[in-house]
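A.B. asks: Sequence:
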Amino acid sequence: VDADEALNDRSQTNILTIDVHQTLYGKIVLKLIVTFLFNFHLDGS
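Residues in the sequence shown are numbered from 1 upward in steps of one, following the numbering used here.
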């Protein structure tokens, strides 16, 4: 039972870590896209 609980805890921790990484990655990508579009708009004007 202890081993199963440890595995469950580890799985939940991994899921949380993945969520955090996805959120950070999403923010970075969004920032890059916004920056790119902004620079592109400035170049076009």
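Bear in mind the hints are in silico, worked out from the structure with no lab data behind them.
Check the hints yourself; a few may be wrong.
[As the list claims (entries may be wrong)] Heads up, simulated SDA-like pairs for lysine to any residue below, C-alpha to C-alpha not over 25 Å straight-line:
1) K27 with I15
2) K27 with N8
3) K31 with G44
4) K31 with D43
5) K27 with F38
6) K31 with V20
7) K27 with A6
8) K31 with Q12
9) K31 with L42
10) K31 with T17
A.B. asks: Are the hints correct? Go through all of them and say.
C.D. replies: Results of checking the hints against the structure:
no.	hint	verdict
1	K27 with I15	18 Å, holds
2	K27 with N8	29 Å, violated
3	K31 with G44	20 Å, holds
4	K31 with D43	18 Å, holds
5	K27 with F38	16 Å, holds
6	K31 with V20	16 Å, holds
7	K27 with A6	32 Å, violated
8	K31 with Q12	29 Å, violated
9	K31 with L42	16 Å, holds
10	K31 with T17	21 Å, holds
Of the numbered hints stated above, those contradicted by the structure are hints 2, 7 and 8, listed in ascending order.
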